[in-house]
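First to last, the sequence lines map onto chains A and B. Sequential numbering from 1 applies to the first sequence in my numbering. Sequential numbering from 1 applies to the second sequence in my numbering.
The hints are simulated quantities; they were obtained by calculation from the structure and are not laboratory data. Keep in mind the model is a prediction, meaning the values are calculated, not measured. You may find that some hints are simply not true.
Said to hold, decoys possible - Here are the simulated lysine to aspartate or glutamate pairs, EDC-like style, with alpha carbons at most 16 Å apart: (1) A:K82 to B:E287; (2) B:K173 to B:D195; (3) B:K328 to A:D282; (4) A:K107 to B:D318; (5) A:K280 to B:E258; (6) A:K444 to A:D282; (7) A:K280 to B:E287; (8) B:K367 to A:D268; (9) B:K328 to B:E365; (10) B:K123 to A:D22; (11) B:K768 to B:E855.
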Amino acid sequence: MIGGLFIYNHKGEVLISRVYRDDIGEAGLKAEQPIISRSVPKPVSCLKRNAVDAFRVNVIHARQQVRSPVTNIARTSFFHVKRSNIWLAAVTKQNVNATMVFEFLYKMCDVMSAYFGKISEENVKNNFVLIYELLDEILDFGYPQNSETGALKTFITQQGIKSQVPTKEEQSQITSQVTGQIGWRREGIKYRRNELFLDVLESVNLLMSPQGQVLSAHVSGRVVMKSYLSGMPECKFGMNDKIVIDKQGKGGGSEEAAKSGKQSIAIDDCTFHQCVRLSKFDSERSISFIPPDGDYELMRYRTTKDIILPFRVIPLVREVGRTKLEVKVVIKSNFKSSLLAQKIEVRIPTPLNTSGVQLICMKGKAKYKASENAIVWKIKRMAGMKESQISAEIELLPTNDKKKWARPPISMNFEVPFAPSGLKVRYLKVFEPKLNYSDHDVIKWVRYIGRSGIYETRC
Amino acid sequence: MKADVDVFANVTQSKDGSKNRVWEGTKAITAPCSPVTENRQFGSKMTDSKYFTTTKKGEIFELKAELNSDKKEKKKEAVKKVIASMTVGKDVSALFPDVVNCMQTDNLELKKLVYLYLMNYAKSQPDMAIMAVNTFVKDCEDPNPLIRALAVRTMGCIRVDKITEYLCEPLRKCLKDEDPYVRKTAAVCVAKLHDINAQLVEDQGFLDTLKDLISDSNPMVVANAVAALSEIAESHPNSNLLDLNPQTINKLLTALNECTEWGQIFILDCLANYTPRDDRESQSICERVTPRLSHANSAVVLSAVKVLMKFMEMLPKDLDYYGTLLKKLAPPLVTLLSAEPELQYVALRNINLIVQRRPEILKHEMKVFFVKYNDPIYVKLEKLDIMIRLASQANIAQVLAELKEYATEVDVDFVRKAVRAIGRCAIKVEQSAERCVSTLLDLIQTKVNYVVQEAIVVIKDIFRKYPNKYESVIATLCENLDSLDEPEARAAMIWIVGEYAERIDNADELLESFLEGFHDESTQVQLQLLTAIVKLFLKKPTETQELVQQVLSLATQDSDNPDLRDRGYIYWRLLSTDPVAAKEVVLAEKPLISEETDLIEPTLLEELICHIGTLASVYHKPPSAFVEGSRGVQHKRLPGSAGSGESADSPDTGSAAGVSEAPPAVIPSQGDLLGDLLNLDLTPPTTSGPPPAPSSGMQMGAMDLLGGGLDSLLGGDLGGSPAMGAGFGAPPTAMPASFPPPVSGGLDDLFDLGGSVGMPMGAYSPPKSIWLPAMKAKGLEISGTFARRAGVIQMEMTLTNKAMSIMTDFAIQFNRNSFGLAPAGPLQVLTPVGPNQSIEVALPLSTVGPVMKMEPLTNLQVAVKNNIDVFYFSSQYPISMLFVEDGKMERQVFLATWKDIPNDNEAQFQIKDCHLNSDAASSKLQGSNVFTIAKRTVEGQDMLYQSMKLTNGIWVLAELRVQAGNPNYTVSLKCRAPEVSQCVFQSYEAMLKN
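Same shape as in the complex, but just chain B:
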């Protein structure tokens, strides 16, 4: 920092050093506060800039002396010097008392300077900052409203706890000041105070005063109050602070017409958080907001667009007004593109979102997105993106002509993106594919290295979209084999060679040439090479045996890369055990890639639409991805539509699309190509059974530990789905929802099955079922089961994050229930759960919680909370979980009890289709703490007498009749509390059949 200051000083001196010296010499003549008003530039030129040059040693002492001078002018000079030093980063906190002494002045300029100093240093000198309090309090009573406002404004900026206490009274007065200037300043001050001490603000009732200000007569006061309330509300997501109802909305809309441009932004941003009750209200708000689209301030325009985009969701599509509104949105969006480049950039990022949500708005405006030669690169790249999104059969000729033009520009990134765009056009507009391919071939002829490589990468995608159509170009591609030096291009080329190996005469030679430097290639290329050679081998087995052995040994023996080795081994085994299967697997027909490319995942898109104009819309990330703390972590959603024909793309069904609809396959961006290539080669997971290892290694105690690990391992490896993609560094936001979740769910089941088969003595625990579907819980899916392990009841859950943002802060609570189940400890989710991640938790339960009889008896109502919201679900536990270990009755006691319980309490049930003999049944039941006390055989019928005890001390006695050869069992239950019989019977059935 010191270095900084010196540099600063030198600059000024070397530049006009001589001048400066002269000025300093004549300081007395050109007093800084000359009463020149019009030509103030000259007046100040001779005064202010010199402060930046004073950095001599011992200067602090000089300043100290000057600050304590009697002459007012000298004092002011000194304060300016102090501020200048502060600006360049020099520590002048030592002067604190001296500067504060200058505070008592009637010179407003000096006062402002001192305040500035205070704001910077008060926090480091809290004790001395108290010295300033008196002046502040006095200034808050000043007759001049400008001074009152200044005092309250500054005081709020001094973040010292002791001061805040003194701030309350003046603030209260200022909030009710007669002058609107003071009130609008005080409104913001409440937000400042809340940031320092939220509790204090609530206790003092400032929030209510702030709410009252929404009805203030002055529009600027209203706007600032709205801004302050919105900010405070953000840190209390669930409070009803910004109580938006039709009355307040009306007030806001009235103020909207009258306040400054900034105020309009605050109000519009606040309006966007409101959800109208019905389409009529929605329309009336839209009607009052649309005039804002003609405002000169782009931020007002974009905030208005946000409100309209959101409320439009509620309008029925067949409404005339809906069409009018769509038409009205286009011109202002286009106008934003004639703003300054920085604003254009923000506008383009937002248009990108709008075009994805409602393509109809800008479909006729393609031309305005044509790139201008002098556009900054960031504008060019964004325009290109939107051009592709808007490309359609109607305009494709124009678009292609433009793209070809761009491919000859200078900026490498831009050129690459243009080439890539041509490929995307080919995939998107089928009629243009031929023209695109020929354009790409033209570009390859230019021999510009990066153009050629990019073209090859996109041609690979075109092959995947239109297989067996453009193979004639392969020859041209092969000519450029040597110039490819980027992994992505090499991998693409190798893929093409492998895929069409049967039509390329020298495919083996080509691939062999790559094999020479196998170890120097990147993993991406190595993996692709391995697959391509295996493909080649399967197609031309006779000539290429040597080659395939070479690559397999390179991949398995000489490589350290686990992915490569694994894939090598898989191929190896496939080839050696069952070449026919290998053919089916490796040469399987690939799914076609669809036209929609790089789309933002629908739920994220919805959230981003609610954040139009903000940073989130610029980054295309939800606020939680870049904002720390609780602020902005709230997830915003579009309101559901009231309209008739709109349900098809309404948000709710959209989020459930993962299961029901066929999700679009997405062309991978560079980052996750690797993951994609891997997926390509793997067959659906169901064809390969679970490896035998897990079940044998399964012991009761180790179950949980292994469970989590294995589950995710299995899910990742075989499913090749989300976990895999994430593992390869694909950005989570770019992860398409293209893999149906049931894949991993199925594996869970498989696994569970394996688990229970492997331990006949274990307690019965039902397979996991989905308790809370993701669509009901903002992306959180909970599946789970109950189990009794080593005498402890456990609730075992898999929490899966299907939303696009991280989930943290999990907690759980139970409603009162029949057996007093309650969590024995907090929910142990130590790490945040990332998107598409799942986590396994076992929650030990106690039975000492509050009791309330539920219907059905074993119903359990659960509330789970995370950083997003609180969710409720209910589940039923098997009553067998409550059977305690010491449930074995003495024979005598059993007999006595059996007789003692009245026959009315006896219940008899049939268990059908059970094929165990009585001994197996007995041992199976024993695993779940159902103890067989005696066995009697009467006329080929086995009678088992059994007892069990529930956690609350209720005994249940049972008689199980098993007849050899008859799959139907009869069970009679006797219990003093006959309500439980039905549940126990159900448990019996479940235990015996699993």
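Chain A on its own, in the form it takes in the complex:
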């Protein structure tokens, strides 16, 4: 299991170091870094420093770009993730579950963000006592323990428990929540107004050939919820999942099936928040759960069939002699004309030896950004079923570089108010038998947002 966890700043200085197992940092590693020899050896702390320094020398200060997120130095394995310019590294000497270690590191980032916002050097230093306390709680002997922020916040507050000694009931409530079957929700939550916010957030990914052939396209979507519900409500979520609709269609009239079948979507795969009863989904394909309080991501899904591609990019690149390129890019919006896309940005890469660019665009603003080697064309809003065009003349410096320009793809960003996968929320029912509010009393808000993921067209 995880032997130790370190947090570094971009220079490789240690901000946090927590060692769970003695095996890391011994032997082998000593030879690899010179720093240790200068200092006066102090037995215990030194051993730990070896691992710390080995990572700094071999990864953070490495001359080459990092070739793998897992590094093995002298039989010690280092897993790292980077958040802005902070490095989080988990260290082990055993054959640990690597997937789990990375999931844990992400979770650790989530927990820290939930406690003090952005993970920056400043914030880590400011909260180091808190971080140690968290590390003590969510990782025991290298085994991850309950790391749900909701539960953690009930007893890791940095206030000390001395001020108001909790009653016995409160204590056992805390512990039963931390260890319990419903670790993500505490009992006794009360709201005057029961509200639910449901966002379907999709990112549509596309890779298209210059001729307009779809090489690959998929939508990865998330259902994100905010729930402000009293008690321990039981929720049931339904959408136009093809499998469910087809099943119902069999039971009902064939007419209805044909009607609804048109709108149903085939979901390739989906994953759920741990509150969802997976066995129930597996057997009945129904999504039922007791929601956490506040923000959470209920599910993620992926579809590849019948995706509505909101935009089509048509590139035209012509090389005029050795010193000039003519680029024409047309974008077409492909959705209901009553809807409006927003925050549209087209990024057209330019060769490294570009000396000047002349631009003409019908709509929006376009600019050549030399530092990014790209023309960036921005349009604030665009209705459906429209098209727009940009033409650019790129002047090139003559070079004797044999190597051809790699022609990176043209990428695009946008936001549209529908779900490109075609997903529709059919219902979200709330039952709370113990308290006297019914499904009708809950105010529900549903919103669909489609964004561009990696939306590229080769040119």
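Using the hints provided, position chain B relative to the given structure of chain A.
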């Protein structure tokens, strides 16, 4: 370390130094423990970060004073400062007593800080750590479960022997605590304690308590208990600690539905170690595990995949459920690719394994492995690997289009790999070969240096797969001769020129141009150049005589490289003695390389499948390759299939494939190309006889020493097989099982033959035979024989490691046997035996061990242990080995004894087809301590009277009748223990015929 601290301080100060100073000035106002809950960021911003700046000299004294202050706030401040110093690597162990004094507090935050300090420094101050024990013990009784858990958690982290003794009682209580939070913490604590003092944990019976916790009502307690037990079980590979039976499995599966995401991982990983009894149980577990594939946590998903992949082995392939399961596996694996890049990387490494084991799962999912422009390089490279594995006739057009696109990217490694991939596609999908070649030619036209070189290397492989098909491109390749500066590309080009020398008009000029800088070339190029010129010479002998002489003299006289010199000499002699043979050898038809490339060796693959999700699956190495000590060295295997049609690729036959099936030839990775090139040129070892030197130099005493060395030397040189490849630095994991083991076995026999012919006076010892085949012993093969050397009985063994991991810790034991044979000393295997390595051992035997009559009499049952397991085999020794040196009877005694033994005890045997005369037979037998006492000739028949004595004092008397011209001997044996006669007769036969 000191430097570190200073740097740290400077940073904070230069960045917001002024602010800091202001804050320090107003410390009193912004007390660190302000009761702000919601906006704690602001509250703490003004408190915590400053601790990192205090590194003045004499600070320890200041801290000491502050720690002993009466004011609680000040104390806490001071402890925080101490922790900050500790973090940046400063030694604050001098403050130990002062910090420990702060432990007695009702402030939980302060308590946690002190505990943190204790965990760090207790080991360096064991005596003072005892001071903390009382508080711990008291805290374990605290009414607040959070404090009880904290105490037991921390105590387990203090690795001081004296403390562990005090830990036992509190731990016992906590394991039975009413609060699940305390119990789950205590469960992990048992693992901690076991790590410090395993014996103590066993003695105190904590293991049983831990087992009980598997039935706990709280799922998290169950999960932690499982985790702790799994870890402890790992260090006791053979203990039945994690007693997995259907009942416990059921409990685990129930807890699986209810516990946290991490707990699910612990349970799934543990489940993966279980082997179901039959396919029905296997299916029912699979059914209960599949819902986990929809979990948001990738680790839960991959661990579930591991369980399913393993248990699937047991399902019959014709079962409907089997197909359903295969279908269910694909979507979650694809979903893993939309996770964060680090997880994608882990997922891709695992998918690489899964695709090799069960290609059908993802065969329709090629598109998801297309590389995205913004993928991190490590993801790109892995995706490329999987794309090639999935390439088939159906999707090859798409794949090629993609690969061509990638070949124009920026990252050099990636581009190279893409070019290489095009070549691999050509080899894998025959229909696409033409298109691949033309794509490669297009790429060569780009003139980008590394693209050209990589393309040439793969084109060489294509030539080897489709000989005489694409020679038209040679002209284009030759145009780029000058731009090649990498050894691998140069070697490939030279190989092409040599191979097709007869069709390249100026082949001699081309090769000559390389020859100019011969000494500056790398060995790889030199060797290739040598071979290519010899090939050229054999094809066009008239024009190139000068060239070949030049290269031979360069290689043999001016080079220090033994490989080069040896090869030079071999060619030289071949050419000078028998040019026809040279032609046969050098221009021999090469075997075609097959399509499957870079496959992981099947037994390793099986093991890695059992480690899905773990580091082993990321490194593609067995845990023993990177984990120290006993942990994780256990080799996991897939269960055998119960299914009907599956036996073809079931693991057991897979591992035996080395002999029976034609193993796939594998395109060498860059590393072992050299080895491969060498192999190419060498003919099968059987055509060249063993060199005469060894047998003449063979003396009795030196036998062992030489034996080992020569064996491996011969094996390596002539076989050109495993030993050779390893010698050239090929990573052992990448070694294909492509060379059938009998090669070296055959050499052993040859050698043994030479040995015994060379010493007519030596004791008879049968040739080595395989006692323990590798497939029965997890890769360990033992062949051996018995011999009597200078009066000492020896068991001579060759231990060959045919597994993929290192073997160590050998030991041997005998069962009781008829003559009380026992090892006279431990088995002397001093160095670990690496994969594909063999080692020679001679074990001296004594005859004073416990006796039990065996059937047959000379049967010996042996147990050999190594780090992997214990293996049993039995072998039969020749009884002649037990004939002692003082077995010569006085004539009178012989006569008397002969008469004395009743005639019932006499046994008569025929030895057929023996062509020795009586004197030769006599001297031959004498070598094995069978002494001729008298000889009589009656009517042209020689009668030899012989005696021998066994180690246990039994005398055997013999009369051997040899008639000139008659190849059939008659032997009569008389002995007081007539049981041995049969064995002695067999020995006679063996001794005389060898």
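Status of each hint after checking the structure:
1. A:K82 to B:E287: Violated - the C-alpha atoms of E287 (chain B) and K82 (chain A) are around 38 Å apart, more than 16 Å.
2. B:K173 to B:D195: violated, 20 Å
3. B:K328 to A:D282: Answer holds: K328 (chain B) to D282 (chain A) is near 11 Å, not above 16 Å.
4. A:K107 to B:D318: Given pair K107 (chain A), D318 (chain B) is violated - Cα atoms ~42 Å apart, limit 16 Å.
5. A:K280 to B:E258: Distance ~13 Å between K280 (chain A) and E258 (chain B) Cα, so the pair holds.
6. A:K444 to A:D282: violated, 27 Å
7. A:K280 to B:E287: holds, 13 Å
8. B:K367 to A:D268: With Cα atoms ~14 Å apart, K367 (chain B) and D268 (chain A) stay inside 16 Å; holds.
9. B:K328 to B:E365: Since the Cα atoms of K328 (chain B) and E365 (chain B) sit roughly 13 Å apart, the hinted pair holds (cutoff 16 Å).
10. B:K123 to A:D22: Within the cut-off at roughly 11 Å; holds.
11. B:K768 to B:E855: Given pair K768 (chain B), E855 (chain B) is violated - Cα atoms ~22 Å apart, limit 16 Å.
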